[in-house]
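Asks: What follows is each chain in one-letter form.
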Amino acid sequence: GDSVTQMEGPVTLSEEAFLTINCTYTATGYPSLFWYVQYPGEGLQLLLKATKADDKGSNKGFEATYRKETTSFHLEKGSVQVSDSAVYFCALSSRGDDKIIFGKGTRLHILP
Amino acid sequence: ETGVTQSPTHLIKTRGQQVTLRCSSQSGHNTVSWYQQALGQGPQFIFQYYREEENGRGNFPPRFSGLQFPNYSSELNVNALELDDSALYLCASSLFTGHNEQFFGPGTRLTVL
Chain A
1 GDSVTQMEGP VTLSEEAFLT INCTYTATGY PSLFWYVQYP GEGLQLLLKA
51 TKADDKGSNK GFEATYRKET TSFHLEKGSV QVSDSAVYFC ALSSRGDDKI
101 IFGKGTRLHI LP
Chain D
1 ETGVTQSPTH LIKTRGQQVT LRCSSQSGHN TVSWYQQALG QGPQFIFQYY
51 REEENGRGNF PPRFSGLQFP NYSSELNVNA LELDDSALYL CASSLFTGHN
101 EQFFGPGTRL TVL
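As you go down the protein sequences, you meet chains A and D in turn. Going by the numbering used here, 67 is the number at position 67 of the first sequence; the sequence numbering is gapless. Going by the numbering used here, 76 is the number at position 76 of the second sequence; the sequence numbering is gapless.
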C-alpha cells in the first residue's frame with residue numbers, strides 16, 4: 001500500500017541554519033504531496049503542497065519539490081528561526097482517495 | 001470564517017468505557033475525516049463522512065463508529081475502550097469528497113486508564 005518515509009528526529013539546528021528534512025513516498029499512480037506542521041499544543045496545519053511532478057510548493061520560506069523520478073518531496077528552508085520549532089509531517093493523498101497518509105513526523109528544535 | 005473545532009479538549013476514561021468526541025467542520029465544508037495520532041506517530045485515517053454517510057474507512061475495528069449531522073458536524077464514538085486507544089484524535093474537514101486539502105482541528109486528547 002501507499003506509504004511515506006521521512007527522516008527521524010529530533011533535528012536540532014542553530015538559528016539561521018539551512019534545513020533539510022528528507023521524505024520519500026511509495027504510491028500507485030500520481031499522488032498529491034503535502035507537508036504539515038504541528039506546533040506544540042496545536043493541531044496540524046498545512047504548510048505546503050504539490051499536486052504533480054516537478055511542482056514546487058512554498059510557504060513561509062519553506063520549499064519542497066515533487067520529484068517523481070526519485071519519489072521524494074524533501075522540505076527545505078534557507079534560514080530557520082526559533083519559531084520554526086515544531087513537528088513536521090510529510091504526507092500524501094492518492095487521486096480518488098480521500099484519506100491522507102502521513103509519515104511518522106520529524107521533530108525540529110531551533111536553538112537561539 | 002470559522003475553523004474546525006473539536007470538543008472536549010481532554011478526556012480521561014477507563015478501559016471498557018465508551019466515549020464520544022465531537023467536531024464542527026469549517027464553514028462551507030461538507031466532508032469530515034477522523035484520524036488517530038498515537039504519541040510520537042503520524043496521524044492514521046479512521047474514516048470519512050460525506051452527506052451523513054461513511055465514505056471510506058481505514059484499518060480500525062467496528063467499535064470505532066461515527067455520525068455526520070445535516071449541519072456537517074460529526075461525532076466519533078469508540079466502544080469498549082482499550083489502553084491502546086489513548087491518543088490524540090484529530091478531525092479534518094474538506095470542501096467536498098475527493099478534494100484532498102483537509103483542514104484540521106486542534107484535536108481531543110484521550111487517555112484510557
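Keep in mind that the hints were calculated from the coordinates and are not lab data. A virtual CB, placed ideally from N, CA and C, is assigned to each residue, including glycine. Incorrect hints may appear among the rest.
What follows is a set of in silico ranges between Cβ atoms, one per label pair, in the way DEER data are often shown [stated by the list, open to error]:
(1) T26/A <-> A38/D: 19 to 29 Å
(2) G29/A <-> P61/D: 26 to 36 Å
(3) T71/A <-> G58/D: 17 to 27 Å
Asks: Hint by hint, note whether the structure agrees.
Replies: Comparing the hints with the structure gives:
1. At about 21 Å, the CB distance of T26/A to A38/D agrees with the hint of 19 to 29 Å.
2. One distance hint, 26 to 36 Å for the beta-carbon pair G29/A and P61/D, holds here, with the actual separation near 28 Å.
3. For T71/A and G58/D, the Cβ-Cβ distance of about 22 Å falls inside the hinted range of 17 to 27 Å, so the restraint holds.
Violated hints: none; the structure is consistent with every hint.
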